[in-house]
Amino acid sequence: MNHWIALPILLPFVSAILIEIVGRGRIAVRRGMGLASCLGTIAVGAAMVLLTRHGKVYTYALGDWEAPFGVVLVLDGLSALLVALTGVVSLFCLLYAMNRHDTRGKFFHFFIQMQVAGICGAVLTGDLFSLFVFFEIMLLSSYNLLVYTGDKQSLRAGIHYVILNLTGSVLFLVAIGTLYGVTGTLNMADMALRVSELGAEDIALVRAGALLLTVVFLLKSAILPLYLWLPNVYSSAMAPVAALFAILTKVGVYAILRVSTLIFGPEAGVAADAIEPYLLPLATLTLLLGMTGALGSTHLRKMMGYLIVASLGTMLMAMGLFTETGIASGLYYLPHSTVAIAMLFLLADLIGRQRGPEDDHLVVAHMPKQSGVLGLIFFVGAIAVAGLPPFSGFLGKMWILQASLPAPQVVIIWAVILSTSVMALVAFSRAGSLIFWKGEEPPKGEPPRGDSQMGATAFEFLPVVGLLICIVLYTAFAGPVAEFCTVTAQNLLTPSVYIEAVLGAQR
Amino acid sequence: MIGIRQRILPQPGFSLVLWIIWILAHESLAPDTLLIGAGAALFLPALTHHFWPEALRVRRWGKLIKFLLIFVYDIIVANIQVAQLVLGPSEKLRPAFLEVPITLTNPLVISILSAVISLAPGTVAANLSGDRRTLLVHILHTEDTEGSIERIKERYEAPLKEIFQ
Amino acid sequence: MAVLLIVLLPFIGVLLAVASGRLGRRAAAVAAAGPTLVAFALLMSLAPSVLAGEVLVLSRPWVPALGLTFGLRVDGLGFLFALLILGIGLLVIQYAYFYMSRGDPLWRFFSYLMLFMGAMLGVVLSENVLLMALFWEVTSLSSFLLIGYLSDRSAARRGARMALTITGLGGFCLFAGLVILGQIVGSYELTDILASGELIVGHDWYLPMLILVLIGAFTKSAQFPFHFWLPNAMTAPTPVSAYLHSATMVKAGVFLLARLHPALSGGDAWFYLVGGVGMATMFFAAYVAFFRHDLKALLAYSTISHLGLITALFGFGTAGAAVVGIFHIMNHAAFKASLFMTAGIIDHQTGTRDIRILGNLRRAMPYTMVLALLGSAAMAGIPFLNGFLSKELFLKETLTAPMMAGTPWLLPTVATVGAIFSMAYSVRLVHGVFFEPGQGKMPKEGHDPSAGMLLPVAILVAICVVVGVAPQWTAAPLLAAAAQSVVVGELPAYSLTLWHGFTMELLMSAIAIGGGIFVYTQRARLYDLAHRIWPGLTGGAVFEKTVELVVGAGARLTATLENGSLQRYLVLLLVMALAAGALPFIQYGFSSGPQELTPTNPVAIAVWALLVVAALATVLTHRNRITAIICLSVVGLLISIVFVYLSAPDLALTQLSVEVVTILLLLLALFVLPKTAPRESSRLRKGRDIAVAALGGLGMGAISWAVMTRPQDSISDFFLEHATYPVGGGTNVVNVILVDFRGFDTFGEVAVLVLAAFGIYTMLRYANHTFVEGVPDTADDRYPVVLVSASRPLLALILLMSIFIFLRGHYLPGGGFIGGLVASVALIMQYLASGIDWANERMRLNFRVVAVIGFLIAMVAGSVAFVMDLPFLTMALLGMDVPLVGESDFVMTLLFDLGIGLAVVGSTMTILSELSHMQEVEPYDEAQRAKESDPWKP
Amino acid sequence: MEALIASAIAVLGGCGIYLVLRERTFTVILGLALLAIATNLFLLSMGRVAPGHAPVIEEGIELSAYVDPLPQAVVLTAIVIGFAMMAFVVVLSISAHFVTGTDHIDGGEHTQ
Amino acid sequence: MISVAINLGLAVMCLCLILNLIRLLKGPSTPDRILALDTMYINTVALILLFGLRLERAIFFEAALLIAMMGFVGTVALANYLLHGDIIE
Amino acid sequence: MIAEIIISALILIGVTFSFIGSLGLVKLRDFYMRVHVPTKATTLGIGSLLIASTIFFTIHRGTPAVHEILIVLFLFMTAPVSAHMLMKAGLHERLKDVNGEVEEKLGS
Ligand code: NA
Ligand code: NA
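Going down the list, the protein sequences come from chains C, B, D, Y, S and A. Going by my numbering, the first sequence opens with residue 1, and the numbers climb by one from there. Going by my numbering, the second sequence opens with residue 508, and the numbers climb by one from there. Going by my numbering, the third sequence opens with residue 673, and the numbers climb by one from there. Going by my numbering, the fourth sequence opens with residue 1611, and the numbers climb by one from there. Going by my numbering, the fifth sequence opens with residue 1723, and the numbers climb by one from there. Going by my numbering, the sixth sequence opens with residue 1812, and the numbers climb by one from there.
Take the hints with a grain of salt, since some may be wrong.
Said to hold, decoys possible - Straight-line C-alpha distance at most 30 Å; calculated DSBU-like pairs for lysine-lysine: (1) D:Lys-1358 <-> A:Lys-1907; (2) D:Lys-1347 <-> D:Lys-1358; (3) B:Lys-668 <-> B:Lys-573; (4) A:Lys-1838 <-> A:Lys-1907; (5) B:Lys-668 <-> A:Lys-1838; (6) A:Lys-1838 <-> S:Lys-1748; (7) B:Lys-660 <-> B:Lys-599; (8) B:Lys-668 <-> A:Lys-1907; (9) S:Lys-1748 <-> B:Lys-599; (10) D:Lys-1347 <-> C:Lys-438; (11) B:Lys-570 <-> B:Lys-668; (12) B:Lys-599 <-> B:Lys-668; (13) C:Lys-438 <-> C:Lys-369; (14) S:Lys-1748 <-> D:Lys-1116; (15) B:Lys-570 <-> B:Lys-660; (16) C:Lys-152 <-> D:Lys-1347; (17) C:Lys-152 <-> C:Lys-369; (18) S:Lys-1748 <-> A:Lys-1907; (19) A:Lys-1907 <-> B:Lys-570; (20) C:Lys-56 <-> C:Lys-106; (21) D:Lys-1116 <-> C:Lys-438; (22) D:Lys-1358 <-> C:Lys-152; (23) D:Lys-1113 <-> S:Lys-1748.
Worth flagging that the hints you see were computed from the coordinates, not collected in a lab. Note that the structure is a prediction, hence the values are computed from the model and not measured.
Go ahead and model the full structure; you've got the sequences and the hints to work with.
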C-alpha cells in the first residue's frame, strides 16, 4: 500500500492535533512537533520527487474506493514538486517565527500545520471537489495567519482577502457544479475522459465551466486582473506568514496547470484548449503590471508583493505556451521564485526592524544597524528575485526565453521579460541604495526606539541564510532539476499517463 | 446510597420521560433501541443535572390528569372562540393587559402557569414582575378585566398550586 | 583543471576577504592579492601552450536542458584578457591598499573587487556563451557595488545605479542575443559557434540577434549612445576606475566583439553598426573629453573615445583591423590604467581633480609628473610609446576600410580630427596639471606619494615604453596568439615596427599632433564657445529623467489600479467570471437540453414566489440590519423547504441548523456593529452593481437551466448500488457518501471547522480591541423565568434528539454534523436563557479541546485501516466484527461521524461562547459609540 | 419546475452579488450568505430535478428512481464549509470594526 | 379523498406562508417581524408534514422536528436581541 | 374509509386553524393582539395535522407511527415561551397598543 502518498496530508494534520492536545502550554513541544512535521514533509516530498522523476504516476485510493467513486490521491511530478517545496518553505518560515512570532498567540503552530496540510492535500488530490475542500483549508489557515496579530493593517487587509476569496469560493463551486452537471463526475481523470467524449451540444457549457474554474484559479494565483489584492495582503501579514504565503499562489498555478493540461488539453474533444488561448496574454500583462507596481512601490514589503505578482506572470507565461519546454521552464522557475521571495520577506522584516519608525517605508531613515550583512543578503536575494545571474532565476528566465523562441508571440514575450528584468534591476537598485547607502545615523542622544537598534540574532539569520542556500543549491543542481521538470512537463502534456494511473485500463 | 442515586439517576421521572420519547422517536421496541434509549435516558439527566437543580414533584396525580383534560378541552373550545374573534370584525375586540397577582413561588410552576395561560384561550402571559408576584397577561378580548383575572387564578393557578406545592 | 582554478580563485578571494573583516587592512589586502597571485601564476603556467596556439577547453555539464555547461576555454584572446585582468588586478590591489583611506573597511572593498575579478575572468574564459552571459551580468552587479562604494555621496549612488541599469540592460539584451545565436547554431559552445560563421550571417535571425548582442557590447564598452554611464561612474574610488573603467569591465564589450568576430563579422550590418558606432563614439568622445575639467571625467571620455576606436577596428570586419584592435586593447589598458592611477594620486595628494584649480605640480610631484607625461604621451600616440604603434595601424586601417567606396575620405578624416582632439586633451592633462598655474587654491599642497603607490603606475608606464620601443620582442607573441583566436584562418601580415617609412598614416599622425597642440593653444576661446553652445541635456540627465518618469508613472498607475477598494476588486472578479461564463455561450450559442421538464404545481410556485420576495426583501431592507437578518432567515427557511421538496432532506436539516446558528452569529455581530447602514453609493455605482448582479444571477440561472434540461450520466449509480449492506452499510446514501465514499472531503470539512473556531478564538482574544459595552439593561428580570424554566428540560430533550439524529444518520436523514449542530443549539439555549457565565460554570468544558478531540477521533477512525494495510478512511474493515454493536464498518463510520459531531459542537460552541464572552468585558461609552457608528456621515 | 429553480437561483444569486458589492462589512456578509444559498441550490440542481425521490434507500423502490445523491453530499460539505467561513468573516468584521472604528470594507482608506 | 385534502392543505399552508410574509414585510415593528417569522416556522412544519403525507414517505420527521426547534431558538434569540441588545448575556 | 375521512377531516381542521392564525396575524390591529393568534391557532393546527399523520402512517405501514407526537410535545413546550418572549420584546420596544397607548405598568 502506498500509504506514504497520504503522509504529506496526514503528517501535518496529526501534528496539528497533537500540538493542541500534547503541546498545550508547552511551546517547546509545539515547536518540536512543528519542526518535525515540516522535516517529515520535506523528507516525503524529496522521496516523492525522486520517485516521480522518471514520470511514474502513483495513486492512493482513500477509503479503498476505486476511482472515480472514491477520492483518490494522485502523485505525479507536479504534485511532488509542490509538496517538497511546501515542506522547505514552511520549515524556514517556522524557524523564523520561532524568534518572536509564535509566542504571540496560542495557535500559530496549529495554523501553520493546517496550512501545510491544506496545500499538500490540494496538490495531491485527484478529485475536483476535494481540491475545493483543501483549498478552503489552505485559505482559512491563511486567513488566520494573516490576521494573527490583530493589528489595524492586517485586519483591513484581512477583510479584503477573506471576502474576495469567499466570493472566489462561490465561483469555484459554480464551476465544479457546472462541470459535474455536464460530465457527471468529480474525479479529474474521469472528467478528462468524459469531457473528451462530450457531444457538440455541450460545448458551450463545458467550456464555460472550464473558464469559470480558470477564473477562480487566476484569482488564487493573482493573475491579471485579479492580482490587485495581493500586494497589500502579503505586505500586511507578519514576515514568516508572508513568506509562507509565497507558496499559496503557486497552488493556484498548480491548479491551472493541472486542469488545463489534464481535463482541457488538446485531446479534450469539444473542450479542447478551452483555457489555452487566454493564459499567455493575461500572464504577460500581469508580469508587466506587477513589475510596474514593484517599480512604483513605496514600501519594501509591498514591492515584494508586486514581485510575487510579477513572478507569477513570468511562470504562467512560460506555462501558457503549453509546450514541453514552456511548461518545464515554468516549473523550474516556480520553486525558485517561491524560495527567493520567501527569503526576501523575512529579510524585509529584519531590515524594517532596524530602521526605526519608518520600518520598510522607502524613504531616508536610520541605516540598519547590521547594514553590512543585511545589505549583502539583500543584494543576493534581489539578484535572485530579479532573475539576474548567477542564480536560478536567471537560469529560469533563460529557459523561458529559449522555450518561447518557437512561439509566434516570441517578440512580445522576449520584450516583456527583458524589459521587466531591467525594471526589477532599477527597483532593487533604488530600494537597496536607499536603505543601505542613504541611511542616516540615528540621532544621537535620542534613546533608541523599540528594537530598532537591536541587531538580529544568528538564529534570526538562520532561516534567511537557509533559504539563500536553498537557492544556491537549486542553481547548482539545476541540471537534474531541469530534467525532472522536463519529464514532468512531458507527463502533463500526455494526460493519458495520469488517466491510466487513476482509472487503470477500465475504459 | 442516596448520593449514588443522585448522581446516576437524579431525576427518575424525567429519565422515564426521555426513555419514552426515545422509543416514540424510534417507533420501535427493538432491544437495541430500548437499550441505547435507556442509556441515553439515564445519561442525559445526569449530564444536565447541574443545569436543573430544583426538582419538581407532582403531589396529586389525579388532579394533574384532571387538570390536563380540562386544559385540552379549554384549548379546543377556546381556539374556536378565538377563530371566531379573528374572523369577525376586529374593531369589536377589546384587548387589555391584566395584572394577575400570583401566589405561586416555585419558578418552574410559575412558568407552567405562564405556559398554560399562553396556550389557553385569548390570553398570553406577557411579563413576570421582578418580584415574581405579578404576572402581566394580555387578553385578546374582555369586557370585564377583574373577572378575567379571577378566572385565570381560579381555573389555572389554584389547581397548579394543588398539584405541585 | 588550472582553468577552473583560475576562475574560482577570485571567488575564494571574496570569501577570504569577507572572512578577514575583523583582521584589518593588511589581512584584507593579502586575502585579495594571494588568490590573484596564485591565479596569475597558474595562468602563466598555461602560457607556453597557449602561445603555441593551443586552445584549452574544459567542459562540465550543468543544465543540459538549457544547453548551459560549465565550459571554460583558454585561447589566445582569453589568455590576453586574463592576463590583463590578473596583472592589472594585482597592481590595483597594491595601489588600493595605499590609496584607500585608513578608516575604510577594506575587506568590503576587496571582496567586491575580487567578485568583479572572478566574474570578469569568467566572461573572458567561458567556452559556453550562456555561461559567459551569466558572468557578464555578475560584472555589472559587482561594478554596481564598486561604483557605489562611497555610498554617502549621492553622485556615487546615482552613478552606480545608472551603470547597473545601463550595463544590466545591455546584459539582458546580450543574453537574449546569445540565446538566439545558440538556437541558430544548435549549440552554445564557442567552438561550435566560431565555426559556424556562414550559417549565422546567412540566417533569418541574424540581424535581430546581432542588434541584441551589440547592445550588450556597446553598453558595456560605453559606446554612443550608451556612453554616459561611464563618466558618471567616475564617482567610484580611483582604483576602481583604473581597473574597471580602463582595463577590464569596459573592455568586456570590445572583448565580446573580438570573441564573436569570426562568427558575426562579415555582413554589411556588422560593418555599418559596429564601425559606424565606433567611429562616431571615437570622434564625439574625444571632442567632449577636451572640454572636461575633471581629470577623471577627461579620462573617462578619453576611454570612451579609445573604446570607440577599438570598436571601429572590429567593425571594419577585416582580419588586419581586428589584429590592430587587439593590439590597441593591450596598449590602452596599460596607459589608461596608469593615467587613472596618476589621477588618483593627484586627487589623493592635493584633494582636487579639477584641472583648472590644479597647477604647477611639476616641482612638488616630479615623479608623478614623469609618469603622467609618459602615460599621456602614449595616449596621444607619440612615437616610442605603445599608443603610437596601434594608433598608426588604426589610421592605416581607416584608409583601407572596405565598403567606403563612395566616400573613401570620410573615415580617415574623422579619425584624424578625433586624433587631433586626443592630442589636445592629452596635452591639456599634462600641461594643465603640472605646468600651467592653477586658478584658485588646492585643498592640499601636493607632493609625491609613497613608493608603494607609485610602483604600480611605474610598472604600467614601463610597459608602455618597452612595448613602444620594442614591440616585436614584447607584445608580438601575445598579440599573435590573441589575434589567432579572432581571425579565421591564417593571420594577416602586419608589422609591429616603429618606422614604416613616409606613409599616409604618418602624415595623419603628424597632423594630429600638430593640430592637437594648436587646438590646445586656442583652448580659452574654445571653452568659451563650447560653454555657449553646450547642449543642456546630457545623456545622463536624459536617462535619469526617463527613469524618474517610468518610476513615477509606475507609481501612479499602481496607485490608480490598486486603489484599496474592495468593491473594485470584487467587480473585477465578477466581471471576469461573467466574461468567462458568457464567452463560450456567445461563441457557441446557448441551448436547452432535450430533457422533458418536470411538471410544476401551485405549491412550488408559491414557495418560489415567497423565496423571490424574501430575497429581494433582504436586499431592500439591508440598511435596516435587523430586518435584513429576519428576511434572511425567511430565505433560509424557504430554501429548506425547497431542499425537502427536491428530495434532499439531509440538506434541509443542515441548512436549517446552519441558518439558525448563522442568525445567532449575525445578531451577535449586530450588537457590536452599527444597526443601520448609511446610503453612500452613487447612482452610477448602484447601476453598475445592479447590472453586474443581474448578469451574475442570470448566468448562474442559465447554466443551471442548461444542465437541468440535459440528460444525466453520472457516477452516482455506483453510490446507490453500494450504499447498502454489505458494502456501504447504510440506507441514507448521502450520509454514506459523506462518511465513507467521500470521507476525505468530510475529513477536510472537520479541519475547516476546527480552523474557524481556533481562528475566531485567536481574533477575539488577541485583536487589539477597544471594547464597547452592551445597552444598559432596564429589564427587571434579566433572565426571564419562563424561558429559564423551559430551557432546562429542553436541554436534555434536545440533546436526546441530537443523539437520535446522530445515530440515525446512516439510515435516515441526519448524521454527525446535524447531530452536532443540534447539540450545540441545546447548549446555546442555556446561554440564551441564563447567560454565559451561569452556563459555562455548569459545563466546565473547553470546547476548543472538544473540537480537536473530534478531529482526533475522525483521524483515528480513518487510521484504523492502516492496521489492516488498507487505505486511510477505509470503513469496511472486512472480517472484523465488533461484539454487541455489529459490523466493523458501522462502528467505524459511527466513530468517524462522532468525530465530526464533536468537532461541530466544539467549534460552534467556541465560536458562540467567544463571541458572547467578548461582549461582557467591554466598557461602554455612548458618545464614542455614536461617533463610531457612522464616521462616514458628514 | 426547472424554470422555477433556475430563476430562483438567478434571483438569489443576483441579490447576493448586489449585497456583496456594497460598502459595509455586515451587508457584504448578508450578501455572502445569500450567495451561498444560491450556490447550494445551484449545486443541487446539477443533480437534476426529481421531487419525491430522496436518496434514502427503501425496499421496493428501484435504484434508478432516486435522485442523484452526490450533489447533495457536495452541497452538505459546501454548507458546512460555508458556515465556518461565515463565522470567521463575521468575527473578522467585528474585530476590524473594533480596531479601525468603522465597518467600512476598506477600513476607512477609501472614499469615493 | 385524502389526496384531495392533502393538496388543499398544501395550498392553504402556502397561503398561510404568504400571509406571514406579508406581515413580516409590513412590520411595522421588529417584534412583529419576529412574530411573523416564528409563525412561518410553524407553518413550515405543517407544510412539510403534508408533503410527507403526500409522498407517503416518512423521511421528513427529522426535518419537521428540527424546524420546530430552530424556529424556537431563532425567535428567542431575536427577542433577546431586542431585549438586551445582545442575545446571550 | 372511516380512517380516510378522519384523516382528511383532521387535515382540513389543521390547515383551517393554521390559516386562521395566519390571517389573524395580518388582520389584527396591534402587536399584542397579533401575538395571540398564531401561538394558539397554529399549535392546534399542527396538532391536528400530526394526529392525521400518525394515523395515516400507522395504517400505511402497519406499525405504529407515533413519532409525530414529539413535534406536538415540543411545540406545546415552546410556543408559550416564544409568545412570552415576544410580548416582553414588544413591551421593551414600547410598542403602542391598539389605543395608541404604551403599557407602562410593569415595564419590560
Ligand atoms: Na584619444
Ligand atoms: Na590647471
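Is the straight-line distance between the alpha-carbon of D:Lys-1358 and that of C:Lys-152 30 Å or less?
holds (29 Å)
Does B:Lys-599 lie within 30 Å of B:Lys-660 when you go C-alpha to C-alpha?
holds (26 Å)
Taking 30 Å as the top limit, are the C-alpha atoms of A:Lys-1838 and A:Lys-1907 close enough?
With Cα atoms ~16 Å apart, A:Lys-1838 and A:Lys-1907 stay inside 30 Å; holds.
Are B:Lys-599 and B:Lys-668 close enough, with their CA atoms no more than 30 Å apart?
Distance of about 35 Å is beyond 30 Å: violated.
Taken at face value, is the distance from the CA of B:Lys-599 to the CA of S:Lys-1748 at most 30 Å?
Answer holds: S:Lys-1748 to B:Lys-599 is near 23 Å, not above 30 Å.
Next pair to validate is A:Lys-1838 with S:Lys-1748; report whether the Cα-Cα distance is within 30 Å.
holds (12 Å)
Has the given pair, C:Lys-152 with C:Lys-369, been kept, meaning a C-alpha gap of at most 30 Å?
holds (28 Å)
Within a Cα-Cα threshold of 30 Å, do S:Lys-1748 and D:Lys-1116 meet the stated pairing?
violated (95 Å)
Are the Cα atoms of C:Lys-56 and C:Lys-106 separated by 30 Å or less?
Violated, because 42 Å separates the two Cα atoms, which is more than 30 Å.
Given hint D:Lys-1358 paired with D:Lys-1347 - CA-CA distance at most 30 Å
Satisfied, since the Cα-Cα distance of roughly 22 Å is no more than 30 Å.
Holds or violated: are the alpha carbons of D:Lys-1113 and S:Lys-1748 at most 30 Å from each other?
violated (95 Å)
Taken at face value, is the distance from the CA of B:Lys-668 to the CA of B:Lys-570 at most 30 Å?
Holds: B:Lys-570 and B:Lys-668 sit about 10 Å apart, inside 30 Å.
Comparing the model with each earlier hint shows violations of hints 1, 5, 8, 10, 12, 14, 19, 20, 23; every other hint is respected.
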